[in-house]
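Trainee: Taking the hints into account, I'd like the entire structure generated from these sequences.
Here the protein sequences come in this chain order: A and B.
Once you know that position 13 of the first sequence is 17 in the numbering used here, the rest is easy, because the numbers rise by one and skip nothing.
Once you know that position 79 of the second sequence is 83 in the numbering used here, the rest is easy, because the numbers rise by one and skip nothing.
Worth flagging that the hints you see were computed from the coordinates, not collected in a lab.
Glycine included, each C-beta is placed from N, C-alpha and C at the ideal position.
Among the hints, erroneous ones may be present.
[What the hints assert, rightly or not] Pairs of lysine-lysine residues, derived as BS3-like cross-links and limited to a Cα-Cα distance of at most 27 Å, are as follows: (1) A:Lys59 with A:Lys42; (2) A:Lys141 with B:Lys104; (3) A:Lys129 with B:Lys78; (4) B:Lys104 with A:Lys129; (5) A:Lys42 with B:Lys104; (6) B:Lys104 with A:Lys59; (7) B:Lys42 with A:Lys129; (8) A:Lys141 with A:Lys42; (9) B:Lys104 with B:Lys129.
[As the list claims (entries may be wrong)] Computed footprint of chain A on chain B, listed as stretches where at least three residues anywhere in the stretch have a Cβ under 8 Å from a Cβ of chain A: (10) 48-59; (11) 84-95; (12) 108-115; (13) 127-140.
2 protein chains.
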Amino acid sequence: MTALAMSEKSQADLEEGTTCAPRFDANGLITAVVTDAKSGELLMVAHMNREALDKTIASGEAWYYSRSRKALWKKGETSGHVQRVVEMRVDCDQDAIWLKVEQQGAGACHTGRRSCFYRAVPLGKSGAVTLEFCGEKIFNPAKVYK
Amino acid sequence: MTALAMSEKSQADLEEGTTCAPRFDANGLITAVVTDAKSGELLMVAHMNREALDKTIASGEAWYYSRSRKALWKKGETSGHVQRVVEMRVDCDQDAIWLKVEQQGAGACHTGRRSCFYRAVPLGKSGAVTLEFCGEKIFNPAKVYK
Numbered sequence: 005m006t007a008l009a010m011s012e013k014s015q016a017d018l019e020e021g022t023t024c025a026p027r028f029d030a031n032g033l034i035t036a037v038v039t040d041a042k043s044g045e046l047l048m049v050a051h052m053n054r055e056a057l058d059k060t061i062a063s064g065e066a067w068y069y070s071r072s073r074k075a076l077w078k079k080g081e082t083s084g085h086v087q088r089v090v091e092m093r094v095d096c097d098q099d100a101i102w103l104k105v106e107q108q109g110a111g112a113c114h115t116g117r118r119s120c121f122y123r124a125v126p127l128g129k130s131g132a133v134t135l136e137f138c139g140e141k142i143f144n145p146a147k148v149y150k
Numbered sequence: 005m006t007a008l009a010m011s012e013k014s015q016a017d018l019e020e021g022t023t024c025a026p027r028f029d030a031n032g033l034i035t036a037v038v039t040d041a042k043s044g045e046l047l048m049v050a051h052m053n054r055e056a057l058d059k060t061i062a063s064g065e066a067w068y069y070s071r072s073r074k075a076l077w078k079k080g081e082t083s084g085h086v087q088r089v090v091e092m093r094v095d096c097d098q099d100a101i102w103l104k105v106e107q108q109g110a111g112a113c114h115t116g117r118r119s120c121f122y123r124a125v126p127l128g129k130s131g132a133v134t135l136e137f138c139g140e141k142i143f144n145p146a147k148v149y150k
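Mentor: Following this line, the structure appears as structure tokens:
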């Protein structure tokens, strides 16, 4: 089998196969997109290493890897804002994971909001862009993250 | 101002400010999460460089950067499956972008499906995991990508 044929076979397996073969990046991480299972709202984008992915699959609760703290991290371990995973999907080339979750507690964002995506970027402009707030604070992070 | 105070100020600006200051990674890229503006379905995850982001903001149509082809890329330039951006948001630490789009044409995925996330990862298991298909092919990619 030529290298090209091998490569094409691998791509077909990756995209049309049933083997879960997540492609972690050079830092051993994969992107996780987290939406609210009921409303569909995008709550956050985070990263998982192999261990975080395995723990999430096994437990049905979301685990991530914090790039800033360089540590495995269970969502809600400090705040109590645990995410119960209702459904997990993988994308075509298996370098991204989609979690549909039931968000326990007030919200997913450490700033005190339901979603991390609380600012809109106006469209149709060039040059400097001013963000527009569209998500309210619903809890006090100083009280939740001690 | 100490380094710590500066760092805290920067984080506050990043998270609570109105200045759009996207944080591109070491490769000059930022993650873009793309959902269907009507159904809320997660369509795809892609990457943008500075130019793709600027073109998307200015034109209201989605541009990305292909890591495999190492090239700027307008979604739909080959397939006709253009994405009209209805709303754009940025997350708390400004390293991810959320696009709510009207997907023109049949679908967003190059495999011929509406969404790239057409396989589910079963939960509650440990060890090898078998993916379950949950998204149908709705167009023939060989005819669309010529």
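Trainee: Name the hints, by number, that the structure is in violation of.
Mentor: 6, 9
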